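Chemist: Below, each chain spelled out in residue letters.
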Amino acid sequence: MADNSTYAIEMLNITKRFPGIIANDNVTIQLKKGEIHALLGENGAGKSTLMSVLFGLYQAEEGVIKKDGREVKINNPNDANDLGIGMVHQHFKLVQCFTVLDNIILGVETTKYGLLQKEEARKKVLELSDKYGLKVDPDAKIEDITVGMQQRTEILKMLYRDNEILIFDEPTAVLTPSEIDELMDIMRNLAKEGKSILFISHKLAEIMAVADRCSVLRRGKYIGTVNIADTNQDELSRMMVGRDVQLVATKEDKVPGDVILHVENMTVPSKLHHNNAVKNVSFDVRSGEIVCIAGIDGNGQTELVYGLSGLENCTTGKITLSGKDITHASIRERSTSGMSHIPEDRHKHGLVMDYSLAYNLVLQRYFEPEFSNKAGFLKKSEINKYADKLIKQYDIRSGQGAPTIARSMSGGNQQKAIIAREIDKNPDLLIAVQPTRGLDVGAIEYIHKQLIAQRDAGHAVLLVSLELEEVMSISDRILVMYEGELVGEFDPKKTTPEELGLYMAGAKRKEIGA
Amino acid sequence: MTGQEKNKKSGGLLSNPAVQSILAALLCIVIGLLVGYIALLIINPGGATNAIITILKNYFTYPSKQAAMKYLGNTLVKAAPLLMCALSIQFCYQAGLFNIGAAGQYVAGAGAALFCALQLKLAWPVCLLAALIAGGVFGIIVGILKSYLNVNEVISGIMLNWIGLYTVNMLLSGVKETASPYTVQIASVNKSALLPSLGMEKLFTNNKYVTIAIPLAVIIAIVLKIVLSMTVFGYEIKATGIAKDAAKYSGMKEKKNIILTLFIGGALAGLGAAFLFLTGYEQWSVTQSSVPGMGFNGIAATFLGGLDPIGTIFASYFIQHITSGGSYLDKNIYPSQISDFISAIIIYLCGFVLFFKLYLNSYLSRRQERDKNKTVASTNKEEGGNK
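From first to last, the protein sequence lines stand for chains A and B. Okay, so the first sequence: first residue is 14 according to the working numbering, each after it adds one. Okay, so the second sequence: first residue is 94 according to the working numbering, each after it adds one.
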């Protein structure tokens, strides 16, 4: 009787409130059996909250959840598990020093006289792994395997528990392009075998590639559900953001001016490994151009920027900024000499998370006479006035404006705050490291526009990015980095992502004249 | 309780973090006293009620107002160094450092002050300065180890506590009384080293131990509050404490800041010791084999004071109040450590302050939400029906 329903899971009119905000406002999602259903929304749209309600981590104030047409109560993750609901979290929940097999059976171990019976479990895991094409080594330890394999372990964990409804929370954020393709295949396989999949994402291309239907949330509200076959990326992004979004940045041609940043034979040691992360690198960035360092993560881009910004000392080489030798200058001197730096890790470096937004906005300037007097006192009213100006000018949204604690702001607005702070310094050189990572299309569009505006104003921009699409669309010149060396220089108009890919993977290289 | 009635009326006042801190501290105190009372009941049910009242009454035990004032003076004399130690720990805590070495910096300050007063026969301003520097140097050692060699400040602090204790014992052996292990009385060898009273002793029934140390400690607390909340230095210190990497990214000299913070912390604790020993209220025992508890009690006062210099003034007084009160207990029935026990419970409960605040905040916003919903419910109904 119950199985007659076409829906595996229905969440009807769910409302979930948190102090001060309504995270889900009358949201309805219906997941058909055997479909891949995407859940799309910007950061903070309420996707994760909705899934947490389904998974029993939160209780909704209003609304009902139905499984196979029958109303159910989910009070905790164990209830969810009993109903066959499994979830792959964005940050994996794996025991690092356990093997893949141990992690999979953790919590549902078969025992005999109190002793573990792993053989049976191993057989089942290998069967599942064969059936769905999930390649794992059951005896490898989690800490030794790739992120992709860790994710497959998480998927196997759900399958081992015979879960029918699988939730993937932003599963592609941590994967390389080839791993993403593999994951897409796995998801299609799972759906074919009758599993129902909820796929949370804000990446339109992936949703178009793999999903059957897509439900969109915006600021906690349910916007609608569409068939992927009848829609396109533009419509989805309009539903998600609430207005038309330019997916590809446009910019006019511009002839670069003087050399702003000149790097000669720079070598930077690596903290993690006892070798040089950046080897003998030379390049220039001119005013009025965006130079992009492309490459696969971990090829020395981070250390290159550390060397430029002074977070790490270079062992050899020479750095010149607007004609001034800054090789041995302190971080503060570089900053006051006209270098701005949008850091890769905005939580670790970019913001003092427990400071107010106003305090964070003057993090690079609080010592200037504008914001502090000679006796060493902060001019609080000036700081607040300046903060209000930036908040307005750069449209930084937060709960209470200038006094809002940075930690409580959404990722996109935290990034906006950093960008406002760094750009408003009016720098000769702006270094931006993965400035759009983890952000939604609306915020990405905004950040790209800001970078291009800097270039058009005659400043030099050095962009480090892992996203080829971004590299191709906004840079004037592309430098490819591979294993700590620059292996090629390209004009984005005369190259293709495929060609760049070959250089990024180390298959090809050519000499570049600095 | 009138306080509770007020709370019900004004959610605005309740959501003020300062008010919350005070409420939480009071809650800790009440629960701490209750648990202390239960302990007293277990030891001897008969006198428990009287005992807890005695602890709370402290100097009010004396029927005459004059005597009470005099002994209030004594409590204040000991509260001043406690406040200084608490400020030392608190200042470092703002920079993300747990200065458990305050106990040793206090010892160093005591040693330097007494050595200058008794051996070198110097005047009190020099003795104060010596204590400040000695405590500061002890802090700097911890700071250098921390910032250049990444040695945990708790470990190096604790080890320095012992180094300090025995060094000071040796240093002061030359100025001890012949018949006892105590250092000679300052009043008998070098009156110029005694802190001036500026007439305050009159207020406290000629309690000669009441000196400028007490107002100085309060002034220093207020200065620290201003430094932390209003200056560039405070901005940097707190940024370094909360987010070391972000501080470095913005070009702050985080190593220098750590060392400077620990110097100031050490100087505060060292001064605190001078504030006690230069009154002549206590003499140093050169045979003592445990680090004086003042530095550790400072931890309690800091947390009870809600990590705020002004709150710490009151917390230091309160802790000293019940500690002094404990000494009036009938020693045949109860150990005088019962008041240490109560303050220990209170410190333990300070951890719960955070839970209390969290609970209070979520309760307040839930109530706010409910009120808001009630008012807009009628208008929303129609819209909801259309959907």
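These are computed hints drawn from the structure, not numbers from a lab. Any given hint could be a false lead.
Stated by the list, open to error - Straight-line Cα separation of at most 20 Å, EDC-like style, residue types lysine to aspartate or glutamate; simulated pairs:
| no. | chain 1 | residue 1 | chain 2 | residue 2 |
| --- | --- | --- | --- | --- |
| 1 | B | 337 | A | 325 |
| 2 | B | 341 | A | 84 |
| 3 | B | 337 | A | 357 |
| 4 | B | 346 | A | 325 |
| 5 | B | 450 | A | 367 |
| 6 | B | 331 | A | 381 |
| 7 | B | 349 | A | 325 |
| 8 | B | 348 | A | 346 |
| 9 | B | 346 | A | 346 |
Fair warning: this is a prediction, and the values are worked out from it, not measured in the lab.
Chemist: Output the numbers, in ascending order, of every earlier hint that fails for this structure.
Modeler: The structure conflicts with hint 2 only, although it agrees with all the remaining ones.
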